[in-house]
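Throw the hints in and build the complete structure from the sequences for me.
Sequence order for the protein chains is S and L. One point on numbering: in this note's numbering, the residue at position 138 of the first sequence is 298, and numbering is uninterrupted. One point on numbering: in this note's numbering, the residue at position 44 of the second sequence is 62, and numbering is uninterrupted.
Because the hints were derived from the structure by calculation, they are not lab data. Accuracy of the hints is not assured; some may be wrong.
[Said to hold, decoys possible] Pairs of lysine-lysine residues, derived as DSBU-like cross-links and limited to a Cα-Cα distance of at most 30 Å, are as follows:
| no. | chain 1 | residue 1 | chain 2 | residue 2 |
| --- | --- | --- | --- | --- |
| 1 | L | Lys43 | L | Lys26 |
| 2 | S | Lys262 | L | Lys43 |
| 3 | L | Lys101 | L | Lys43 |
| 4 | S | Lys257 | L | Lys43 |
| 5 | L | Lys101 | S | Lys262 |
| 6 | S | Lys262 | L | Lys26 |
[Said to hold, decoys possible] Reference excerpt, derived from the structure (chain S facing chain L, CB under 7 Å, subset only):
| no. | residue |
| --- | --- |
| 7 | Pro214 |
| 8 | Gly247 |
| 9 | Ile248 |
| 10 | Pro250 |
| 11 | Met251 |
| 12 | Thr258 |
| 13 | Arg259 |
| 14 | Val270 |
| 15 | Thr274 |
Heads up, the beta-carbon is just placed ideally off N, CA and C, and yes, glycines get one too.
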Amino acid sequence: MAHKRPTGAATPRSGAEVQRSKTVRRQTVGMSTEAQDGDDLQDRITNFLRRNFPQIQMHGGSAAIQNLDRETGEVTIMLGGACSGCGISPMTIQAIKTRMVKEIPEIETVHADTGMDGGGGGDAGGMSPSFPGETTEDDGDAGADEGPQAPF
Amino acid sequence: MTDFDPEKFEDKYVHYFAELQRAYKNAFETMNDAYDSELVHAIDQRVLNESEPLYEDGAFRIDLPENPHDRVTDAGVLVDEEKLSGTLDRYVDEIEAELRSVFDLDGE
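Okay, here's the thing in structure tokens:
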């Protein structure tokens with residue numbers, strides 16, 4: 161039973177797999193480290209997306225908080241996986257932008273993108289095709305079980 | 019078929035999100051079959067992602083962002099303005115037709 165860990169057992173989605181596992185320090189950039197644990201706002205954003213946009217997951221896509229600036233109330237959501245080329249992402253993006261500012265008062269501006277930024281590929285690059293942490297049922301206390309869940 | 023209520027359409031992303039997705043997706047598939055796939059993807063990702071479907075005076079209209087040509091070329095897709103304009107017009111017509119279909123407003 162020894163340590164037979166296949167080094168790197170690298171699937172193409174190894175990055176996403178890492179996100180899925182336990183203690184993930186989210187992909188937040190530009191956010192002060194002090195807020196990484198028990199970041200209520202971040203949890204609320206994650207839960208907002210999971211609760212209101214299960215279609216992303218159902219269509220084999222993913223959504224991750226890429227940047228959250230608490231000072232300015234600005235958040236960047238990156239849609240990946242199948243979201244980058246299935247025709248439903250435009251309305252998903254618009255709905256996220258429109259609803260999030262209404263439903264999460266701290267959020268003033270939402271940037272949402274599929275990652276097609278000048279690369280021309282239209283592929284966001286093998287992000288996780290689902291919402292890690294989807295088994296969490298309700299949205300009130302994401303921090304109660306496994307701490308900050310993976311960022312979608 | 020979904021009953022259409024113009025007032026509820028004011029809050030369309032809450033009440034009609036699935037229908038909007040379906041209309042855009044159907045239009046995307048039609049366009050992707052008929053036109054340059056790379057261009058259709060770029061329009062989908064870089065222009066329509068800032069679009070807004072509106073219902074005004076009994077008809078659907080798609081509000082588009084400014085400078086669609088810059089948006090598409092910034093995504094690395096080289097296309098002349100005329101071709102983009104023609105494809106985008108057709109795409110918008112297709113979305114509007116799909117919206118009428120999804121909401122069963124074709125005969126009105």
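Practice task
Quick one: which hint numbers does this structure break? Sort them smallest to largest.
Solution key: 5, 7, 14
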